[in-house]
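Protein chains: 2
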Amino acid sequence: MELLGQLTVTGSLTDEEFDRRFQEISSYGDDHLICVIEDESSGKIAATGSVVIEKKFLRSCGKVGHIEDVVVDSEFRGKHLGKRVVEFLTDHSREMGCYKVILDCSVEKKVFYEKCGMLNRGIQMSKYFD
Amino acid sequence: MELLGQLTVTGSLTDEEFDRRFQEISSYGDDHLICVIEDESSGKIAATGSVVIEKKFLRSCGKVGHIEDVVVDSEFRGKHLGKRVVEFLTDHSREMGCYKVILDCSVEKKVFYEKCGMLNRGIQMSKYFD
Numbered sequence: 001m002e003l004l005g006q007l008t009v010t011g012s013l014t015d016e017e018f019d020r021r022f023q024e025i026s027s028y029g030d031d032h033l034i035c036v037i038e039d040e041s042s043g044k045i046a047a048t049g050s051v052v053i054e055k056k057f058l059r060s061c062g063k064v065g066h067i068e069d070v071v072v073d074s075e076f077r078g079k080h081l082g083k084r085v086v087e088f089l090t091d092h093s094r095e096m097g098c099y100k101v102i103l104d105c106s107v108e109k110k111v112f113y114e115k116c117g118m119l120n121r122g123i124q125m126s127k128y129f130d
Numbered sequence: 001m002e003l004l005g006q007l008t009v010t011g012s013l014t015d016e017e018f019d020r021r022f023q024e025i026s027s028y029g030d031d032h033l034i035c036v037i038e039d040e041s042s043g044k045i046a047a048t049g050s051v052v053i054e055k056k057f058l059r060s061c062g063k064v065g066h067i068e069d070v071v072v073d074s075e076f077r078g079k080h081l082g083k084r085v086v087e088f089l090t091d092h093s094r095e096m097g098c099y100k101v102i103l104d105c106s107v108e109k110k111v112f113y114e115k116c117g118m119l120n121r122g123i124q125m126s127k128y129f130d
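Chains A and B, in that order, are what the protein sequence lines are.
Counting from 1, one number per residue, gives the positions in the first sequence under full-length UniProt numbering.
Counting from 1, one number per residue, gives the positions in the second sequence under full-length UniProt numbering.
Just so you know, the hints here were simulated from the structure itself, not pulled from any lab data.
It cannot be assumed that every hint is accurate.
When chains are identical, the list treats them as one kind, so a pair holds in a single copy or across two.
[To be verified] Derived EDC-like pairs: lysine to aspartate or glutamate, alpha-carbon spacing no greater than 20 Å straight-line:
(1) 83 with 24
(2) 55 with 114
(3) 79 with 114
(4) 100 with 39
(5) 110 with 39
(6) 109 with 40
(7) 55 with 15
(8) 83 with 95
(9) 63 with 108
(10) 109 with 31
(11) 55 with 31
(12) 55 with 24
(13) 63 with 17
(14) 55 with 30
(15) 55 with 130
(16) 55 with 17
(17) 109 with 87
(18) 63 with 16
(19) 55 with 73
(20) 44 with 75
(21) 55 with 2
(22) 63 with 19
(23) 63 with 2
(24) 100 with 68
(25) 55 with 40
(26) 63 with 31
(27) 100 with 19
(28) 63 with 130
(29) 63 with 39
(30) 100 with 54
Everything numeric in this text was worked out from a predicted model, so none of it was measured.
Next up, chain A with everything else stripped away, as it sits in the complex (with noise of 0.2 Å):
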């Protein structure tokens, strides 16, 4: 949550709150999966990143892998991690079935994602209730 924290609001969130939302995420099975890295010598996340698996009619009943949430410790950028985050959801994607993985960013992280082999091939609307 700490590290969630660097990249948007993370708000409160009580110890029941959190095992309730990680069963809910867990019952999603390889459809909704959470990478993490762990620093071994301090035990602490170094980066982190989501993706979930939508199914949908199109394209003989196609996947496509959202990935979300991407974010690396500020402590521990330069090293490339965000990079094997991405890999490894992109990676998790295609053995999903996936026929593409998408996301959305600033266009500040438009060259990080290219490196990442992606393509900026549309704009993202959103709507805030809060």
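Assemble the complex: chain A is given as a structure, and chain B must be docked to it using the hints.
Then chain B, alone, in the frame of chain A:
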């Protein structure tokens, strides 16, 4: 499937494959909803769109609605059906407790989604496997 073909490649699909995917999507309940607008007089599907609810840890175990595959049959365009589909999927996401709803589209669709109350907040990156 015919309508989805106006959006992208649908590919071939047996009835069995369709049924299996239908069951898979149905098993997610309110977490994966497909909205369909039917023209009562002809029985034709005039518009469709879907939303996948993603469960996160950040934002106090927040949820995000991912809107996908919005398309209006060429025969029924100009009747604001696309806006109704997006509004329905947005309302569903809000009711499910999402803090935001997002989607990816081409730059040409930006004005349409702005009319649906959305703002451009980033870019989409993707990698195709086939």
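- Violated hints - listed by number, lowest first: Failing hints, ascending: 1, 2, 4, 5, 6, 9, 10, 19, 25, 27, 29.
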